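Protein chains in written order, with this note's numbering: chain A, 1174 to 1315; chain B, 102 to 600.
Calculated directly from the structure, the hints in this document are not laboratory data.
Keep in mind that this is a model prediction, so the values were computed, not measured.
Treat the hints with care, since some could be wrong.
[Said to hold, decoys possible] Restraint ranges, calculated between C-beta atoms of paired labels, are given here: (1) K1279(A) to P157(B): 39 to 47 angstroms; (2) T1189(A) to L443(B): 31 to 39 angstroms; (3) L1181(A) to S513(B): 29 to 37 angstroms; (4) I185(B) to L1304(A): 28 to 36 angstroms.
Beta carbons are placed, not taken as given, at the ideal position from N, Cα and C, and that holds for glycine.
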Amino acid sequence: MVTLKSALFFSLLCLTVIWSSLKLGLGTPSDPGPGFFPFISSIVLLILTGIYAYTERNGTKSIAKHNLPVIIVISSLFIYSLVLDYLGFSIATFLLLIVLLLLGIKEKWWLAAVVSLIVTFFSYFLFNKILGVNLPKGLLGL
Amino acid sequence: MNTLDSIISGFYISLQPINLLYCFLGVLMGTLVGVLPGLGPAAALSLLLPIVYHIPPVSALIMLFGLCYGTAYGGSTTSILVNIPGELSSVVTCFDGYQMARQGRAGPALGIAAFGSFIAGTLGVIGLMLFAPLLADFALRFGPPEFFSLAVMSLTLVAYVGRGKILSGLMMACVGLLMSTVGMDTITAKPRLTFGFSSLLDGFELPFVAMGLFGLSEIFINLSKDVKSEVSEIFATKIKHLLPTRQDWKDSTKPILRGTAIGFFLGIIPGVGAAIPTFLSYAIEKKLSKNPDKFGKGAIEGVAGPESANNAAYDGTFVPMLSLGIPTNVSTSIILGVLMVLGIQPGPMLISSRPDVFWGVVSSMYIGNVMLLLLNLPLIGLWVQILKIPYSLLFPLIVLFCEIGAFSVNNSVTDVLLVNIFGVIGYIMRRYEFEGAPLLMALVLGPMIENSLRRSLIMSDGSFMIFLSRPLSVFFLLVAIFLILSPLITKKISKKTIN
Chain A
1174 MVTLKSALFF
1184 SLLCLTVIWS
1194 SLKLGLGTPS
1204 DPGPGFFPFI
1214 SSIVLLILTG
1224 IYAYTERNGT
1234 KSIAKHNLPV
1244 IIVISSLFIY
1254 SLVLDYLGFS
1264 IATFLLLIVL
1274 LLLGIKEKWW
1284 LAAVVSLIVT
1294 FFSYFLFNKI
1304 LGVNLPKGLL
1314 GL
Chain B
102 MNTLDSIISG
112 FYISLQPINL
122 LYCFLGVLMG
132 TLVGVLPGLG
142 PAAALSLLLP
152 IVYHIPPVSA
162 LIMLFGLCYG
172 TAYGGSTTSI
182 LVNIPGELSS
192 VVTCFDGYQM
202 ARQGRAGPAL
212 GIAAFGSFIA
222 GTLGVIGLML
232 FAPLLADFAL
242 RFGPPEFFSL
252 AVMSLTLVAY
262 VGRGKILSGL
272 MMACVGLLMS
282 TVGMDTITAK
292 PRLTFGFSSL
302 LDGFELPFVA
312 MGLFGLSEIF
322 INLSKDVKSE
332 VSEIFATKIK
342 HLLPTRQDWK
352 DSTKPILRGT
362 AIGFFLGIIP
372 GVGAAIPTFL
382 SYAIEKKLSK
392 NPDKFGKGAI
402 EGVAGPESAN
412 NAAYDGTFVP
422 MLSLGIPTNV
432 STSIILGVLM
442 VLGIQPGPML
452 ISSRPDVFWG
462 VVSSMYIGNV
472 MLLLLNLPLI
482 GLWVQILKIP
492 YSLLFPLIVL
502 FCEIGAFSVN
512 NSVTDVLLVN
522 IFGVIGYIMR
532 RYEFEGAPLL
542 MALVLGPMIE
552 NSLRRSLIMS
562 DGSFMIFLSR
572 PLSVFFLLVA
582 IFLILSPLIT
592 KKISKKTIN
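Work the whole structure out from these sequences, hints included.
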């Protein structure tokens, strides 16, 4: 299953690239066009994928289940990148850090809050004041 | 300008206060990365990428190189004191280093690791200084076909030596090549494979790919493994006698010198990296020893040899990167990408066209090694304290650094999203046992491979025979083909022996 899924993914990727490089124009071998190199690379990848699917067809590789902390971290990072512009750097970062820290130090929420506050302040200082990065201010201007 | 003048001008650059500061920051972070088991040099380098845009180019490179070779120093500390290798390249140090610590000889073990690293590091820099210009001179004769074949060979080597199978490594290299073509075509200025997304016109920028694939995904993987703070017993209550005795020196001098030679020359070969030489050095020392039974029970030679080998290997990996523009592992791929971002053209012309870069960086490595010796011996207690920081406190900081770092490159929230996407892609790749190293290396080398392929074909008027009519190019391709076929060959041989 695992092999099949990856093989399917790579084949689809190759076919998309082949189609789009044909549209770009392959040129001739003596005057290669913009589609030439992507075309060759995806043909090679397609061949490799075929060998991969064949040699690993009986593979009993199994993938470990996702665990909760990873899902929480990944989703909070995506939420962070979506709300950063609206909440502003300080609030968004503070909230993100609390979530991440609570994964490790579950019962001591006050500790998480204090650490988040300190880290938010220092990272603001480092990036904004020392490195001169224009961090997003958000709707509240914080 | 002769070599001596070049070295002096190099020191003139590297001794400027700002460069000393960045050199110090680099080696400091290198030691830190070496000490912390959950953070590798590739992840740390990618974390620093955003900063590179805000400081002078030579200073930036001095810092990044410092981080690379500094890692080799810090790695030994955890191996010796807690039996947890900070890096792959210090796994071997655990064998005898930890035993020495258990016997109350943590001091001499740490001491010889630091001195061995210093000697190997310094000799390695001298080697780099001698070999890189020679190799660059030789490579001036290379035409596009040679560069194409050399790059193909290097990619194959990296896929071959990686942790996964060579097949999946090669597949990742192809994906990297495809990714490198996304964006504006350099020759015709046509947008390629952007699928209508205007943000892809500039292609996949290195910082986001590297930070996602090596920074974030490493954290996701660590979290999914449920790494608890494994630090159980730290032999750090009283570390005494850091200075090795005369007998220790007598036992270690030859292993250090042998380790240096093994590390440096193996390090030059693409894909080998710093870990393999340490295993080889350990095996050789055990074989040459008068009483091999001591090994695994606290033999100082088993610390001195491998610890020197990994330092010299880091210097070795810099040789092809600085003289040919060919990276040999993830760390050097990232630095090579930085060179391009900073507008410094890598390749055989680098040393002559930008002597300030080459000699400035190389001379800073002497200074960096002295700093590392000072950082690692007297401050050992501090590093032990840092080991006690739990991962649950550390990973939010690394994550945050990735996010802000990504934002700071172009002041864009879209880039933060991009880095998260690559983090998830890297996480999925690792779960399916596909490695990121060949992908990143192909992404960096892609434009060079494509240009040399196109130029070769124009030269030969469309005939692929040009790659087979030039001896060096044939040699490189034969090595690549041999590596690709080697799993089949070994399978056949083992079948025969069973029958």
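Each hint tested on the structure:
Distance hint check for K1279(A) and P157(B): the Cβ-Cβ separation is about 45 angstroms, which falls inside the suggested range of 39 to 47 angstroms. For the pair T1189(A) and L443(B), the beta carbons lie near 33 angstroms from each other, so the given range of 31 to 39 angstroms is met. The supplied range of 29 to 37 angstroms is met by L1181(A) and S513(B), whose beta-carbon atoms lie about 33 angstroms from each other. At roughly 33 angstroms, the beta carbons of I185(B) and L1304(A) sit within the given window of 28 to 36 angstroms.
When each numbered hint is compared with the structure, no violation occurs for any of them.
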